[in-house]
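There are 2 protein chains.
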Amino acid sequence: MTGQELLTQLNWRYATKKFDPARTIPPEQWSVLERVLTLSPSSYGLQPYRCFVIQDADVRRRLREVSWNQPQITDASHLVVFTAMTSVTTELADRLVSRVAEVRGQSVDSLKGYRDMLAGFVEGAPAKGIQLDQWAGRQAYIALGVFLSAAAMMQIDACPMEGIDPAGYDQVLGLSAKGLRAYCVATAGYRAADDKYATLPKVRFKHEDVVTRV
Amino acid sequence: MTGQELLTQLNWRYATKKFDPARTIPPEQWSVLERVLTLSPSSYGLQPYRCFVIQDADVRRRLREVSWNQPQITDASHLVVFTAMTSVTTELADRLVSRVAEVRGQSVDSLKGYRDMLAGFVEGAPAKGIQLDQWAGRQAYIALGVFLSAAAMMQIDACPMEGIDPAGYDQVLGLSAKGLRAYCVATAGYRAADDKYATLPKVRFKHEDVVTRV
Numbered sequence: 195m196t197g198q199e200l201l202t203q204l205n206w207r208y209a210t211k212k213f214d215p216a217r218t219i220p221p222e223q224w225s226v227l228e229r230v231l232t233l234s235p236s237s238y239g240l241q242p243y244r245c246f247v248i249q250d251a252d253v254r255r256r257l258r259e260v261s262w263n264q265p266q267i268t269d270a271s272h273l274v275v276f277t278a279m280t281s282v283t284t285e286l287a288d289r290l291v292s293r294v295a296e297v298r299g300q301s302v303d304s305l306k307g308y309r310d311m312l313a314g315f316v317e318g319a320p321a322k323g324i325q326l327d328q329w330a331g332r333q334a335y336i337a338l339g340v341f342l343s344a345a346a347m348m349q350i351d352a353c354p355m356e357g358i359d360p361a362g363y364d365q366v367l368g369l370s371a372k373g374l375r376a377y378c379v380a381t382a383g384y385r386a387a388d389d390k391y392a393t394l395p396k397v398r399f400k401h402e403d404v405v406t407r408v
Numbered sequence: 195m196t197g198q199e200l201l202t203q204l205n206w207r208y209a210t211k212k213f214d215p216a217r218t219i220p221p222e223q224w225s226v227l228e229r230v231l232t233l234s235p236s237s238y239g240l241q242p243y244r245c246f247v248i249q250d251a252d253v254r255r256r257l258r259e260v261s262w263n264q265p266q267i268t269d270a271s272h273l274v275v276f277t278a279m280t281s282v283t284t285e286l287a288d289r290l291v292s293r294v295a296e297v298r299g300q301s302v303d304s305l306k307g308y309r310d311m312l313a314g315f316v317e318g319a320p321a322k323g324i325q326l327d328q329w330a331g332r333q334a335y336i337a338l339g340v341f342l343s344a345a346a347m348m349q350i351d352a353c354p355m356e357g358i359d360p361a362g363y364d365q366v367l368g369l370s371a372k373g374l375r376a377y378c379v380a381t382a383g384y385r386a387a388d389d390k391y392a393t394l395p396k397v398r399f400k401h402e403d404v405v406t407r408v
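In the order they appear, the protein sequences are chains A and B. When we follow the numbering used here, the leftmost residue of the first sequence carries the number 195, and every step to the right adds one. When we follow the numbering used here, the leftmost residue of the second sequence carries the number 195, and every step to the right adds one.
Heads up, a few of these hints could be off.
A pair counts as met if it fits within one copy or between any two copies, since identical chains are not told apart.
List of simulated lysine-lysine pairs, DSS-like, C-alpha gap at most 30 Å [claimed, not checked]: (1) Lys322 to Lys396; (2) Lys322 to Lys372; (3) Lys211 to Lys306.
If you are wondering where the hints come from, they were derived from the structure by calculation, not from laboratory data. On a predicted model such as this, the values are computed, not experimentally measured, just so you know.
Assemble the whole structure, with the sequences as input and the hints as a guide.
Structure representation (C-alpha cells):
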C-alpha cells in the first residue's frame with residue numbers, strides 16, 4: 195500500500211467511543227485481526243503476552259462492570275483483553291526453542307547455542323535492571339499497536355482502553371492463576387452514526403515535539 | 195486493504211539482521227514513516243514518548259558501540275530511538291489541553307472538565323498501582339508496533355532491537371537531562387540479498403497458545 199493510503203487510514207481511525215451494536219465484524223475479517231495478535235513482533239520472539247477474545251455475553255457484562263461501565267465493552271462487535279506474564283523464566287525460552295525446532299524441522303540439540311542465548315537474556319535481565327514482568331507488559335503493547343494498525347488498514351473501528359480495573363479482570367478471567375496480568379483492552383467493530391468524536395479533528399502534539407532529528 | 199493483503203505483509207516482514215547499506219528509503223516514504231510515530235495512538239492522547247531519528251553518521255557509530263556492536267545500527271537506512279518520559283506530571287495534561295484548544299479552536303477555559311479528568315489520571319495513578327514511568331514506556335511500544343506495521347505495509351524492512359545499553363544511549367543523546375529514558379530502537383531500510391534470516395520460516399507460538407476465546 196502507498197504511504198498516502200497508510201496515512202489516510204491512520205487519520206481515519208480514532209478511539210471510537212460509541213459503536214453500532216447492530217454491526218458485527220464478519221468472521222473472515224475477524225480471523226485476520228485475531229491472527230495479527232499472534233503475528234505481532236516481540237523481543238526475541240518470546241511472546242510473553244496472551245490475548246483473550248471475549249465472546250460470552252455474560253463475561254462481557256461482568257468485564258464492563260470492572261471497566262468503569264464503559265459501553266464499548268459490551269456494544270462493540272469484539273473485545274480483546276491484552277495480558278502479559280507476571281513471571282518469565284527460562285521455561286519460556288525452552289518452549290520457544292521447542293517451537294523453533296518444530297517449525298523449522300531442526301533438533302532441539304542443534305539449537306543449544308540459541309537456547310543458551312535466550313536463557314541468558316532471561317537470567318541476566320534483573321542484573322541489567324530489566325524487570326521481566328514490565329518487559330512482558332511492553333511486548334503486549336507492541337501487539338496492541340499492531341492490532342490497532344491492522345484494524346485501521348481494514349477500515350474497522352477500534353478503541354484501546356486502559357481504564358480497566360486489573361484486579362476485577364483477574365477475578366473474572368482467572369488471570370493470576372494463569373500467571374497473567376491484564377493491562378488494557380481493545381474493542382473493535384463499527385462506529386455508531388452518531389458518535390460525535392468521529393468528526394472531531396484529531397489531536398496530536400506537533401510533529402517536532404514528538405520526533406527529534408539528530 | 196484486504197485482510198489477506200495485510201497478512202501477506204505481516205508474514206513478509208521479519209527482524210532484518212542484515213541491511214543493504216547501499217539502499218536508502220526515499221525521503222517521501224521516510225516522511226510517512228516518521229509521521230506515523232506522531233499519529234500513533236496513546237493513552238488519553240498524552241503521548242508521553244519521544245522518538246529520535248538519528249541521521250548523523252558519527253552519532254550512529256557511537257550508538258552502535260552501546261548496542262552490542264549490532265551492524266544494523268549503522269547499516270540500515272534509518273534509525274529511530276524510542277524513549278519515554280521518566281516523570282509524568284500534570285504539566286503534560288496542561289500541554290495536551292492547550293494543544294486540543296489550539297487544534298479544535300476551543301478556549302482552554304472551556305476544557306476545564308477535560309483538564310481535570312487528565313490531571314486526575316496523572317495524580318491518581320500511583321494510588322491505583324500505575325507507575326507512570328512504566329506506563330509512559332508502554333505507550334512508546336504502541337508507537338513501535340504501529341511503526342513496524344507501517345513499514346511492513348509499505349514493503350520496507352525493519353528490525354526492532356531491545357539489545358541496547360540505555361545508560362549509553364542516555365550519554366550519547368543526553369536523554370536524562372531531557373527527562374527521557376531509551377527503551378528500544380527500530381532500524382529501517384532494505385534487507386541485504388544475502389540475509390539468511392529472510393528465508394527462514396517465521397516462528398510464532400501456536401495461535402491457540404497466544405489467543406484464548408472466552
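Quick rundown of the hints versus the structure:
Taking the closest pair of Cα atoms, Lys322 and Lys396 come within 30 Å of each other only across two copies (29 Å); inside a single copy the shortest separation is 39 Å, beyond that limit. Taking CA atoms no more than 30 Å apart as the test, Lys322 paired with Lys372 passes in both settings, with 27 Å inside one copy and 22 Å between copies. With identical chains, the CA atoms of Lys211 and Lys306 are at most 30 Å apart between copies only, with a shortest distance of 20 Å across copies and 49 Å within one.
Every hint from the earlier list agrees with this structure, and none is contradicted.
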